[in-house]
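With chain A fixed as given, assemble chain B onto it according to the hints.
So you can see what is in the structure, the chains are spelled out below.
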Amino acid sequence: MAMDSLRGKVAIVGAADTEVGKVPQCGATALCVDAARRALDDAGITKDQVDGLVTCNSMAEPHMYHAEAIAEYLQIFPRFCVSATAGGGTTFSVLHHAAMAIENGVCDTVLISMADSLRTGLSREQAMVLQSSTGHPQFEIPYGATVPAYYALIAQAHMDTYGTTPEQLAAVAVSARKHAALNANAQMREIISVDDVLGSRMIADPLHLLDCSLVSDGGAAVIMTSAERASDFPHHPVYVLGVGEGHGHEHISQARSLTTSAAVESGRRAFKMAGLAPADIDVAEIYDCFTPVVLIELEDLGFCKKGEAGAFVEAGETALDGSLPMNTHGGLLSHCHPGNPGSMFALTEAVTQLRHDAGARQVENAEVALAHAQGGIMSSHATLILGRERDG
Amino acid sequence: MTEAPLKHFPRPTPETEVYWEGCRKHELLLQRCTQCSEFQFYPRIICTHCASEDLEWVKGSGRGQVLTFSIVRRAVSEAYAADVPYVVALIQLDEGPTMMSNIVQCDPETVKIGSPVQVIFEDWSEEISVPQFRPLQE
Numbered sequence: 001m002a003m004d005s006l007r008g009k010v011a012i013v014g015a016a017d018t019e020v021g022k023v024p025q026c027g028a029t030a031l032c033v034d035a036a037r038r039a040l041d042d043a044g045i046t047k048d049q050v051d052g053l054v055t056c057n058s059m060a061e062p063h064m065y066h067a068e069a070i071a072e073y074l075q076i077f078p079r080f081c082v083s084a085t086a087g088g089g090t091t092f093s094v095l096h097h098a099a100m101a102i103e104n105g106v107c108d109t110v111l112i113s114m115a116d117s118l119r120t121g122l123s124r125e126q127a128m129v130l131q132s133s134t135g136h137p138q139f140e141i142p143y144g145a146t147v148p149a150y151y152a153l154i155a156q157a158h159m160d161t162y163g164t165t166p167e168q169l170a171a172v173a174v175s176a177r178k179h180a181a182l183n184a185n186a187q188m189r190e191i192i193s194v195d196d197v198l199g200s201r202m203i204a205d206p207l208h209l210l211d212c213s214l215v216s217d218g219g220a221a222v223i224m225t226s227a228e229r230a231s232d233f234p235h236h237p238v239y240v241l242g243v244g245e246g247h248g249h250e251h252i253s254q255a256r257s258l259t260t261s262a263a264v265e266s267g268r269r270a271f272k273m274a275g276l277a278p279a280d281i282d283v284a285e286i287y288d289c290f291t292p293v294v295l296i297e298l299e300d301l302g303f304c305k306k307g308e309a310g311a312f313v314e315a316g317e318t319a320l321d322g323s324l325p326m327n328t329h330g331g332l333l334s335h336c337h338p339g340n341p342g343s344m345f346a347l348t349e350a351v352t353q354l355r356h357d358a359g360a361r362q363v364e365n366a367e368v369a370l371a372h373a374q375g376g377i378m379s380s381h382a383t384l385i386l387g388r389e390r391d392g
Numbered sequence: 001m002t003e004a005p006l007k008h009f010p011r012p013t014p015e016t017e018v019y020w021e022g023c024r025k026h027e028l029l030l031q032r033c034t035q036c037s038e039f040q041f042y043p044r045i046i047c048t049h050c051a052s053e054d055l056e057w058v059k060g061s062g063r064g065q066v067l068t069f070s071i072v073r074r075a076v077s078e079a080y081a082a083d084v085p086y087v088v089a090l091i092q093l094d095e096g097p098t099m100m101s102n103i104v105q106c107d108p109e110t111v112k113i114g115s116p117v118q119v120i121f122e123d124w125s126e127e128i129s130v131p132q133f134r135p136l137q138e
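These protein sequences, in sequence, are chains A and B.
Residue numbers for the first sequence, in the numbering used here: 1 to 392.
Residue numbers for the second sequence, in the numbering used here: 1 to 138.
Chain A with its partners taken away, still in its complex shape (with noise of 0.2 Å):
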């Protein structure tokens, strides 16, 4: 199949988040289906009309089968059904795999619903050793890291090796955090200094507690169809114009670069298939499970220069009105953060800022976004570019 295949081939007609933070009323597995009720509801259609299922797993109420655990529950009977087994990139590869699906005609309707409950489903310990089994069992978990000191590796390489400050990290999350404020549904919404997050506690050297992500319950849900019905629904659709993976190890303690990730080509594929580069994207949603993770996926991405990226969040511009807003919804420093399903909310605000619903935090006249998600810890990346018209 060419690399521009999928080129306006397939849109996003339905784009739904449940409530986000604590949500103790719900478990994993009915939040996966409040999602998809949600998400249906914003589409206009009903679940018999959906004919391919996508799911990730739950941590907190894990299924071995989980889209057919998700399937049988909704009762519907698709003809395609996969979940992810993990979050971060797979969630946007899985996605990538419905889009060639439905391109080659296996499926008309995709519904993609992922949902946990790290916060209220999960004890605290519980919810830390589950994530930080990511870890090779013989190899690394033993000595004892926990996902942030994972995270603080990478951290450590690039401020030694591009000079990037704890300030510069800093100034990813008070970014988030500004954004956060605007959007009535995220979990954390008051305003943070760079003296705040350096003055939090110090997880993992040099991570501050307001360098990591939050711990949440939540989920969210997309409808995906083709190009070809996307005009039948309620909003304006979302075309996809562009997607691309790049896999570049499992555990850290193998990967080819700490500085650089696979983010490289999973970008780069993406922006081929678009034909488009850096420069056109007026929104990015870019997954921040640690602020280091962003400097490295905006250098990686091509939005700016090798150990750059610093000194570009710190200048302001991934605010609202800096030339590349990201993160508009709060990220999931501050947004929310509910573990597999993460990358979700990053792909449901790219729609929302398409449709130009976004409120008082909408970037004006956006036309096409970049989502970018990684998993494990910088192991497996996918990035999407979206755009408000198939053409791009």
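One or more hints might be untrue.
Stated by the list, open to error - Partner residues aside, some chain A positions facing chain B, computed with beta carbon under 8 Å:
| no. | residue |
| --- | --- |
| 1 | E125 |
| 2 | V129 |
| 3 | P137 |
| 4 | Q138 |
| 5 | E140 |
| 6 | I141 |
| 7 | Y143 |
| 8 | G144 |
| 9 | A145 |
| 10 | A157 |
| 11 | D160 |
| 12 | I203 |
| 13 | S253 |
| 14 | L258 |
Source of the hints: derived by calculation from the structure; they are not laboratory data.
Because the structure is a prediction, the values reported are computed rather than measured.
Backbone N, C-alpha and C define an ideal beta-carbon position, used for all residues, glycine too.
Frame of chain A, contents of chain B only:
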């Protein structure tokens, strides 16, 4: 250490048994490809460079340098809480490959990228000894 039994014990697999048996004897064994002479870590059934299946075990120098590190202030679980603050690091071995470990027997604040380190072994049980590193006094 009394809390050691609660830590995450490595469970050797067929391709890593020799490595862990070496650790039990306080020797850091590495795989070297007999075809292309490259070292690799972690142990595998094929060479990551040339895909040869003809690998030999060699006793490594046990020396390397700190490629990157973090001081963990909040332990991953109760089993590791007594060790806080502890250093998790990636060590580039003199033979070439990189491995994760802890840097021990030093003030965590003194660890630096590029510092030379030497392997030591912590006995967790009769069967399992875990390689860790201490600063190398030149």
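For each hint, the structure was consulted:
With its C-beta approaching chain B no nearer than about 6 Å, E125 of chain A sits inside the 8 Å limit, and its interface hint holds. For V129 of chain A, the shortest C-beta to C-beta distance to chain B is roughly 5 Å, which falls under 8 Å, so the interface hint holds. At about 7 Å, the closest approach between the beta carbon of P137 of chain A and any beta carbon in chain B falls short of 8 Å, and the interface hint on this residue holds. For the restraint placing Q138 of chain A at the interface with chain B, the shortest Cβ-Cβ distance is roughly 4 Å, inside the 8 Å limit, so the hint holds.
Checking E140 of chain A against chain B: minimum C-beta separation of about 5 Å stays under 8 Å; hint holds. At about 5 Å, the closest approach between the beta carbon of I141 of chain A and any beta carbon in chain B falls short of 8 Å, and the interface hint on this residue holds. The beta carbon of Y143 of chain A comes within 5 Å of a beta carbon in chain B, closer than 8 Å, and the hint placing it at the interface holds. Contact between G144 of chain A and chain B, as hinted, is supported at the beta carbon level, the nearest pair being about 4 Å apart and thus within 8 Å.
Nearest Cβ of chain B to the Cβ of A145 of chain A: about 4 Å, under the 8 Å cut. The hint holds. Taking 8 Å as the C-beta contact cut-off toward chain B, the hint placing A157 of chain A at the interface holds, the least distance being around 4 Å. The interface hint given for D160 of chain A holds, since its Cβ lies 5 Å from the closest Cβ of chain B, which is under the 8 Å cut-off. The beta carbon of I203 of chain A is positioned within 8 Å of a beta carbon in chain B (closest approach about 5 Å), and the interface hint is therefore held.
Among the interface hints, the one on S253 of chain A holds; its C-beta lies about 4 Å from the nearest C-beta in chain B, closer than the 8 Å criterion. Interface hint status for L258 of chain A: upheld, as the beta-carbon distance to the closest one in chain B is roughly 6 Å, under 8 Å.
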